[in-house]
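Required output: the full structure, derived from the provided sequences and hints.
Protein chains in written order, with the numbering used here: chain A, 1342 to 1555; chain B, 197 to 707.
It should be emphasised that the hints constitute simulated quantities derived from the structure, not laboratory data.
Remember, predicted model here, so these are calculated numbers, not experimental data.
All C-beta atoms, glycine included, are put in the ideal place defined by N, C-alpha and C.
Every clue listed holds true.
Distance ranges between label pairs, derived from CB positions:
#: 1; chain 1: B; residue 1: V342; chain 2: A; residue 2: A1529; range: 29 to 39 Å
#: 2; chain 1: A; residue 1: R1368; chain 2: B; residue 2: S199; range: 46 to 56 Å
#: 3; chain 1: A; residue 1: E1509; chain 2: B; residue 2: D212; range: 18 to 28 Å
#: 4; chain 1: B; residue 1: S341; chain 2: A; residue 2: A1533; range: 11 to 21 Å
#: 5; chain 1: A; residue 1: D1543; chain 2: B; residue 2: R321; range: 50 to 60 Å
Simulated coverage check for chain A against chain B, where a stretch passes if three residues somewhere in it have a Cβ under 8 Å from a Cβ of chain B:
#: 6; segment: 1416 to 1427
#: 7; segment: 1475 to 1489
#: 8; segment: 1514 to 1523
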Amino acid sequence: MVTAVLWALALCYAVSRVAIGYPDPRRQYRGLGRGEVAFISSAGEAMYPAGGPIPSSGLDADLPGYLERLLAASHLQTRILLHLLFFLVEHGTLLFPTPGRGGMRRFSSQDVEHRVAALDGWAESTLFFRRVVFTSLRAVLTMGYFAHPPVVRRLGLAPLAIESPICEADLLYPRIGERPESIGKTAADLTAPSAGIPLPQDGPLEPGFAEPRP
Amino acid sequence: MSSVEPGEIRVFAQYDRDLTLEADVVVVGSGPTGAVVAKELTDAGKSVVLVEEGPPFVPAEYELDGGLSMARTMREGGLRTTSGTIMPTMQAIALGGGSLVNSAICNRAPAFVLDRWCTDFELERTTRADLDPHYEAVATFLGISVTPDNVLGRRNLLFRDGCNALGYQCESILRNVRGCRGSGECFTGCRSRAKQSMDISYIPAAIRGGARVLTSVRIERVLAEGWRATGVVGRVVKPFTGKPSHQVRVHAKVVVLAAGCAATPVLLQKSGNLANRSGQVGENLQFHPGVAIMGIFPDPVYPRFGATQGYQSRHFLRDGFKLETLWAPPAITAVRLPGSGMALKNRLADIPYSAIWDGIATCNRSLGRVRARRRSLDPILSWKLHPADVPVLAHALWVLAQIFFAAGARTIVPGVHGIAPELHSLKEAEVLRDRPLRTTDLVLAGNHVFCTTRMHGDPRLGVVNEMGRCHDFENLYIADTGIFPRSTSVNPMWTGMALAHRSAHHIAQQI
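Listed below in structure tokens is the structure:
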């Protein structure tokens, strides 16, 4: 009887920890649960706080939006691994509590200072596995942060606009998912190959990375 | 639409029923080696079907974002790792294979390496002199040439300056590029169409010559009767999801597997453990594990500009490693930086002042194996870095540190666990030389893969002979880097293509 009660309590705790109390996200993200959106946003905020040499924060960069796109482009196995990664760090505070009061609360429920401390705990762990988890998390968040055009513009790393020459291959291959009839180019459309003229450093940026016009 | 005409390429949207084709030769895999075989055999007047699991990518499909690009162009979304010693390793899934997303480095295997291949693996015709005509043929077709000075950019030139200051041999890298503009975008697809990846070079030439190219087809089995391969069978797969649909069967006089060092052994294993009387299929897995250091300079480096990998040093080849410059999409570059929070942001702000240089190690003692996953054609790559190879990688890191400080770096970020995240002088960097490192201290990456179907003069000890023909079969060939008996000690693409060129001319004489 006591065992059954303890199991029931543990189950209630697990359900409440995993599923209850997450805020509604600002918008719906396909492929991400509410808890995952909260985790990604809070991890992004801790990893990339506002201010400093790059004004944009992880919150500004809409990291859940990037992860949504990355998940959509990924195979099932990769998607599963990414979901596991989020779950592991969000609830890993049970196994590896953050120092201080409330250190066992889920990651996204902790304040920024505690979240940074939690991330440092993963990063500097003597356990190789924990360091790999941290590196993986930082990798996907960093990719999302750098997909935010103001970040790469600020660093002078936004891609320059390049007009691709039309070569023989462009008459052979349609865009992915389309039929050859959609190519719409003939031999008359071929252009001269690249002459090897270095790209100008101050050239126009690729659309999508350029500063929005006021 | 059930037939495919000579000189036709079939893409995913066109398959509407099962397909059966006949050919002289079917080539599985359109990467650098498979593309060479297809083109050379087409030129020799043979009827060729080239099969590729991935789709063709045109510039409008290139993702400039590093993460999304990898998710679309790499198997397992770019998240493939080895087990044992955990190390990321990538294999492309695209028409043109890895050539679409590599940095086009072309190096001939050094003569001393090939001589060792010959003596240690009972090979008679694989010296540098034997292979040079094949290297030349590939070079002429692709326009392999030295990276011009005007597109090197400062991060490549700083490497040159550092090497020169220390008296280390260095050189501008030979690449299969025509008209490079220095965009540094080799890893996400060359929008300038300057990189001569297979999809814009060998494959169009093969199609022009009459080859039939089937994209989005995953070969699942090699068909065989007795000691003869009779063809291959597989399924049409939807790009990015891999969802299978119609069956594709190609009957051929000769089957050439060029699916890559990780995929070809799996295909043989899934086909009833074919060509494996030696027990060597999937064994001897080797990588060039790589380590890298980021250096921060006092003045802007403008790392966005310049050939992705434009300079190298082969000074330490006999010590077991090669050094080269490196650039990747900014997001991938940033992944290397340590820390989190404001400390990380401050380091990110240093990227415009940074360069990344890496070392790849020969590691002939570090071996592994490839096994098929259950109900999947994805491989399990088990591999362990041999303890004796750790000091080689540590030596590479130490030399890179020397070059950085000789070039004027103010700080280096070694990315080694247990060592300060930033080192500010050569004196501080001596820790890389003096402190014994463990495997798990290193952040490794391994993208050159070979030896899983190695060539050997003795059929009991190798899978293929010098011409790439499986010892156990009259007409089954392997033409990817799996046939290397050992590391090339340098980037393997050109050697793989030279061997494929030789195999193709041999096959042409056999049928």
